[in-house]
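A.B. asks: Now for the letters of each chain:
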Amino acid sequence: MSSHQDFTPKPVEKNIRNTYRWLEDRLPILSFLSDALVTYPAPRNLNYMWNFGSLAGIALVLQILTGIFLAMHYKGDVNLAFDSIQHIMRDVQWGWLIRNLHMVGASFFFIVVYIHMARGLYYGSYKSPREVLWGLGVIIFLLMMATAFMGYVLPWGQMSYWGATVITNLLSVIPFIGKYVVVWLWGGYSVGDPTLTRFYAFHFVLPFVIIGVVVLHLWALHLHRSNNPVGIDLKRAKDYIPFHPYYTIKDTFGLGVYLIPFTLMVFFLPEYLGHPDNYIPANPMVTPAHIVPEWYFLPFYAILRAIPIKEIGVAAMFGSILVLFFLPWLDSSPVRSARFRPLYKQIYWLFLINFVVLGWCGANPPEGMFVIIARVATVLYFSFFALLPVLARYEKTKPLPATI
Amino acid sequence: MKFLLIALTLLLPVLAHASEGEAALPAQNWSFNGLRAGWNKAELYRGYTVATQVCMSCHSFKYITHRDLMRAGFTEAEVKAMAKSMNMDLNAPLLTGLAPADAQETYGKVPPDLSMMNKAREGGADYVHAVLTGFSEDPALIKEHFPDGLPAGAYFNKAFPGHAIAMPPPLQEGAVTYADGTPATVEQMAHDVATFLQWTAEPERFERQRMGVFVLIYLAIFTLLAYLSKRAIWKDVKGH
Numbered sequence: 007m008s009s010h011q012d013f014t015p016k017p018v019e020k021n022i023r024n025t026y027r028w029l030e031d032r033l034p035i036l037s038f039l040s041d042a043l044v045t046y047p048a049p050r051n052l053n054y055m056w057n058f059g060s061l062a063g064i065a066l067v068l069q070i071l072t073g074i075f076l077a078m079h080y081k082g083d084v085n086l087a088f089d090s091i092q093h094i095m096r097d098v099q100w101g102w103l104i105r106n107l108h109m110v111g112a113s114f115f116f117i118v119v120y121i122h123m124a125r126g127l128y129y130g131s132y133k134s135p136r137e138v139l140w141g142l143g144v145i146i147f148l149l150m151m152a153t154a155f156m157g158y159v160l161p162w163g164q165m166s167y168w169g170a171t172v173i174t175n176l177l178s179v180i181p182f183i184g185k186y187v188v189v190w191l192w193g194g195y196s197v198g199d200p201t202l203t204r205f206y207a208f209h210f211v212l213p214f215v216i217i218g219v220v221v222l223h224l225w226a227l228h229l230h231r232s233n234n235p236v237g238i239d240l241k242r243a244k245d246y247i248p249f250h251p252y253y254t255i256k257d258t259f260g261l262g263v264y265l266i267p268f269t270l271m272v273f274f275l276p277e278y279l280g281h282p283d284n285y286i287p288a289n290p291m292v293t294p295a296h297i298v299p300e301w302y303f304l305p306f307y308a309i310l311r312a313i314p315i316k317e318i319g320v321a322a323m324f325g326s327i328l329v330l331f332f333l334p335w336l337d338s339s340p341v342r343s344a345r346f347r348p349l350y351k352q353i354y355w356l357f358l359i360n361f362v363v364l365g366w367c368g369a370n371p372p373e374g375m376f377v378i379i380a381r382v383a384t385v386l387y388f389s390f391f392a393l394l395p396v397l398a399r400y401e402k403t404k405p406l407p408a409t410i
Numbered sequence: 019m020k021f022l023l024i025a026l027t028l029l030l031p032v033l034a035h036a037s038e039g040e041a042a043l044p045a046q047n048w049s050f051n052g053l054r055a056g057w058n059k060a061e062l063y064r065g066y067t068v069a070t071q072v073c074m075s076c077h078s079f080k081y082i083t084h085r086d087l088m089r090a091g092f093t094e095a096e097v098k099a100m101a102k103s104m105n106m107d108l109n110a111p112l113l114t115g116l117a118p119a120d121a122q123e124t125y126g127k128v129p130p131d132l133s134m135m136n137k138a139r140e141g142g143a144d145y146v147h148a149v150l151t152g153f154s155e156d157p158a159l160i161k162e163h164f165p166d167g168l169p170a171g172a173y174f175n176k177a178f179p180g181h182a183i184a185m186p187p188p189l190q191e192g193a194v195t196y197a198d199g200t201p202a203t204v205e206q207m208a209h210d211v212a213t214f215l216q217w218t219a220e221p222e223r224f225e226r227q228r229m230g231v232f233v234l235i236y237l238a239i240f241t242l243l244a245y246l247s248k249r250a251i252w253k254d255v256k257g258h
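Heads up: the sequence lines are chains D and U, in that order. So for the first sequence, my numbering puts the first residue at 7; every next one is plus one. So for the second sequence, my numbering puts the first residue at 19; every next one is plus one.
Note that these hints are calculated values from the structure, not bench results. You can take every hint at face value.
Derived lysine to aspartate or glutamate pairs resembling EDC-like cross-links, with alpha carbons at most 20 Å apart: (1) D:Lys404 <-> D:Asp239; (2) U:Lys137 <-> D:Asp89; (3) U:Lys59 <-> U:Glu94; (4) U:Lys137 <-> D:Asp97; (5) D:Lys185 <-> D:Glu317; (6) U:Lys59 <-> U:Glu225; (7) U:Lys176 <-> U:Glu155; (8) U:Lys80 <-> D:Asp83; (9) U:Lys137 <-> D:Glu277; (10) U:Lys256 <-> D:Asp239; (11) U:Lys176 <-> U:Glu162; (12) U:Lys253 <-> D:Asp245; (13) U:Lys256 <-> D:Asp245; (14) U:Lys80 <-> D:Asp97; (15) D:Lys244 <-> D:Asp41; (16) D:Lys244 <-> U:Asp254; (17) D:Lys316 <-> D:Glu373; (18) U:Lys98 <-> U:Asp198; (19) U:Lys80 <-> D:Asp89.
Quick caveat, the model's predicted, so the values are computed rather than measured.
Produce the entire structure from the sequences given, and follow the hints as far as they go.
C.D. replies: Spelled out as structure tokens, the structure:
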């Protein structure tokens, strides 16, 4: 944002050609947008992993747009919700398309954000001076999880109902006030109509809160500019290129590549990532054989179930996400990019593989070997964060180049 | 690095899906699967015959009206004749005459609505087909699963989870007479009605897939042009 030191108002321009300057003098929104999307100096060595930030933004906008049209036809009432989804799928013009976009869009939003986070983790994008940028990202991730969880309740199928019951019940472990908190959250003594109605309200409003945090995320980004694959501070002007046209066209190409598998899912496999039980209307009298959350929650769900003591399991599950806030201080190595950190690179890949293993455990019933694998994987998950301070002290990093 | 990362992330949803399957169902050949698939009108009409004459004695299709059949390729005259032969309004949902309370008393539970059945069960049409053809009175088989005998009022079914189903075997050889002369074997009726249930579950299936082909063609061209533009614009950037 360009700062205006001269506070004396300029005369209104008579010439229509000066409308830009007229508006600029009153609300510098055009130069703000231009600074953010046109002239923003981006490192010239960014690889395709840097596409996922703008993709996440596009995914968010797509969710909000499709969501608004769904909200025009959805009924947030336990007696009407399930039928209203079928009304959208069968009677509303293009209803099936809007709903499939929203449903598949949620999964793809998480895929994009997981890759975006994994990129930040690999290239040390969370390190000084970008700690707050990273923290805002973790807040966005938490808000996304809350929004997605409540969105999955809205169709009011069996998994909606029982997923909501299992997850909200977790709060009952809060000492002393836990069970009152749960009743307060439900608006009754079980998940019911008041729960559905308030979840609908939150599901509608939280994405706009996410937009607000995204603006802060971008603000923090633009202050110190993007990290880059080499992870060093870029000092020369020629290390940067303007965002437009270089990254606008690169992101456009990335968008095309992203939309192809997205389209395949929306038009050919819309139910692939869903659960058949959610096409059975919610029934408080019948518990499904296995209650599984959506795939993007599975690693955290596995951590929850890996620990036999419920209170500690809940704490570990929330802790597994909250620990991300402390990452910039846990990893005190001055070198950002994993390219120059041979040991970090190895535990990074182990951490990622372990995360997928956790997800696999979360998808399976907590029996037999899955319990053991989930416990080992839970320990490994937290070991990664515990190892970081030690690693920074003993790791021999490769020499950093002076420039790119 | 990049590809490994993306592959790993994509593995998560796929793994979640792969580990859900239970007993393998015998996969059937369905006219709605494959590259040149579509709704087979003759098959749907036979399935409709079984659905309305057998299933609807107990089950409803509450999201389906006769008018909806026009979306599957039936003409207005045909649909009107079908509705008339059932003394139904064109826009009335296909509801069973069996009251829920009576069903509860006779079968111990209210039969589920069938409109969404193929989406609401793992295995979809294969599952419906397997249940309809999976009834058995073989005492050795029943003894194997239920050493103390079947629960009262239940029937043995190979595909139904738990193997004890409240529904009596609904299909008997010749239970319906097909207008096109096809012999009404249990296998034939199960296949036809499972196809019909696929249509009731996702009547938009082929509108969706047809549109998807065009969107993909559009995106392929869009992505190619974007790639060429990207290459042209980045030509002068050092190291790229």
